[in-house]
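Asks: Given chain A, work out where chain B should sit, using these hints.
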Amino acid sequence: MARRGWKIRLGRRAGQPGPEAGPVGRFLGRLLATAFFGLFFGLGVFFTWGMLQRAGEHLETYRWSERVCEVERSEVVRAGGEEPYEPRIAFRSIDAGPALRGQRIQRRDVEYGSHGEALARLGPYPVGAVATCYASEAGELVLERGPFWSALLVFFPLIFVVIGGVGLWAIWSPDRPTRDAAGRPRLQALGANFRRRAEGRVLLWMGALFAAIGGLTFWFFGALPLWQVYEARSWDAQRCTVEHSSVVAHQSDDGTTYSVDIFYRWDRGRGVERSSRYSFFGGSSSGRAAKAEIVAAHREGAEVACWVHPQTPNEAVLERELTLHAAVALVPLAFLVIGVGMLLHGRQISGRRAAMRSRAYQGGLPFRAEDPVLEVLPTFEMRAGPVPLAADSPRWMRFVGLVFATLFWNGIVSVFAYQAWKSWQRGNPEVFLMFFLVPFVLVGIALVFGVIHALLGMANPHPVLSANASTVAPGRSLELQWRFRGRAERLSRVRLSLIGREEATYRVGTNTHTAQETFHEEVLVDLAAPSCQMGGHVRVALPAGAMHSFESEHNKVVWQLDLSGEIERWPDVSESYPLVVLPLAERGGAT
Amino acid sequence: MIEIRLDESRSAFEPGEKLRGEVHWVAETAPRGLALRLLWYTEGRGDRDVGVASRETLPVGSSTGSSAFSLEAPSGPWSCSGQLVSIRWALEAELEPGGEVARLELVLGPGGSEALLGQGG
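Each protein sequence line maps, in turn, to chains A and B. Just so you know, we're using this note's numbering here: the first sequence kicks off at 1 and counts up by one. Just so you know, we're using this note's numbering here: the second sequence kicks off at 1 and counts up by one.
Quick caveat, the hints were computed from the structure, so don't treat them as lab data. Please note that the accuracy of each hint is not assured.
[Said to hold, decoys possible] Stretches of chain B that chain A covers, calculated by requiring three or more beta carbons in the stretch to come under 8 Å of a beta carbon on chain A: (1) 18-25; (2) 39-49; (3) 57-69; (4) 76-82.
[Claimed, not checked] Facing chain A, a subset of chain B residues (Cβ under 7 Å, in silico): (5) 85; (6) 110; (7) 112.
[As the list claims (entries may be wrong)] Derived, one-sided and incomplete: chain A residues facing chain B with beta-carbon distance under 8 Å: (8) 191; (9) 371; (10) 506; (11) 508; (12) 555.
Even glycine gets a Cβ: it sits at the ideal position worked out from N, Cα and C.
Okay, chain A solo, but in the shape it has when bound (with noise of 0.2 Å):
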């Protein structure tokens, strides 16, 4: 089989000349890239030989012999650790059978962070309780066989294994040849990996896998412990006993966090209850200052306010109002507002494309439904008469843009300045920082100027422009239509300009730059006040010999109205307002 060639090239863009790594380079890169995706091989087929283990004991009890077993032991046991509370089980056969004992629930227990999840472990053998269990030929005994579903948690790894697997596969197999039979350079197939473009496909993906984690995590740890805290405020006020208090560091990739696990006991009368539920919001955060006073507050033998479900009397919790730490449930909201952000958007960009395409077809254009140069056109709508046009970014947009990023920017600057402040404060002044900073808070500075020069300019007369069609073709004309919405009396001169645009973003290393190359301006208005503030109306007609709008991923050919307005002693009017220019060559969208 013909392999469809995809390679990984270390020093180039793939099917474009370029500098190429020397051989050195080449190998380096190689072992580079051999390390990272054998770490990945390595760790899959690790995991994976694990949980296939894992999974080969649990479907081993398959094949054990039914028994009947009777609870001698059922208690959780604080064990410590990351996961301290351990489910201590112990039971005997009562049948026929030879005589058994068994200390296991399934072949492998797990432990658990909390008290009452222990304890649920243990709800269907209680002391005393018949239950049907299973015996080995060894004479090994439990009470459950292990999940059949276990066996499917091999494919997370394997996961690894492929991306591992292919990766290598790719580094180390043998080059296609560069030059045929004859010595010449042998060609490489451009189209053989084309796909075609998403359409906002990606964004609905990306963002529907978003709002369903987002969502997810929202209702397991925001949601669903708010509702807890509100159902809380009727249950019974009592004074538990605390047995354990400690804070709990847990190590992870992204550092230390830390929790809080207090053990507690409480008598209703009914016998004894325990709990180790500090608060409705569990998980770890960092900052082990915070634990550490809580725990201080809970110390071992101390008796403290807890609050017991009426109904559920071993179900209990420490603090029961909104504390800090609940806002840290919220942050999942983020990414459920984010996600849904991202679908709309998908939604409409695909929904714009699929608008365009349906509009060309009926339109009369003469383009196929499925015609390629659909893919390579801005979207456009078909409409004749007054067509209102409209600027490519609204000054409102520019002005919110740069709130945001002079926000953003002089948030985490003032972090760092806030510190050189008070290391001068102490009279111990940290000035290698301070040096550091200057650039960095000079942009900051130049950023508030911005946002001022953009305030400002909110103020200026609003350009209305429009034209008798929405789009044009190439040795066609457009009919335009300006002026101006407000103090127009302001305006000292005025041009509207015809502009032709190459753009071709390339990366070099890991950057991503964009050209941009000037092809074509035809200046169309160039007024002076007075007449300059009444508006008017201008033809505009496209060169016989023009390119029609382009748009793929890396390259453009954009054609676009920029009209300005110079104010005195004020920020200028500038706006910018795409035209599509269609591929039609004989008849055109416009006259």
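Replies: Relative to chain A, chain B alone:
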């Protein structure tokens, strides 16, 4: 060896015109398939973009032979040349297995000519 030949040896076409021709091949063993693609691609400063307007799998029976094709040129994008961006059209044939490729450059545009950015637009 693989080669694309267009009728009348033309290489410039108007949008909507028919492209007729033959693909000839000589291989060591009988190929399993022959893919023919009509595509555009960009050249210039930007990273390369490629679009396939149409693709066909031509019948192959022996290690040596030829197969005729007929494709319709789409409405665009037109061929053009600029300082930063150029758009080219080509017919590309690929033998399977082996991945031997032949490419025939074309011009697609009104009057069978390319648009020159900066010279009339």
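Asks: So which hints don't hold here, by number, going up?
Replies: Hints 1, 3, 7, 11 are the ones this structure does not satisfy, whereas the remaining hints hold.
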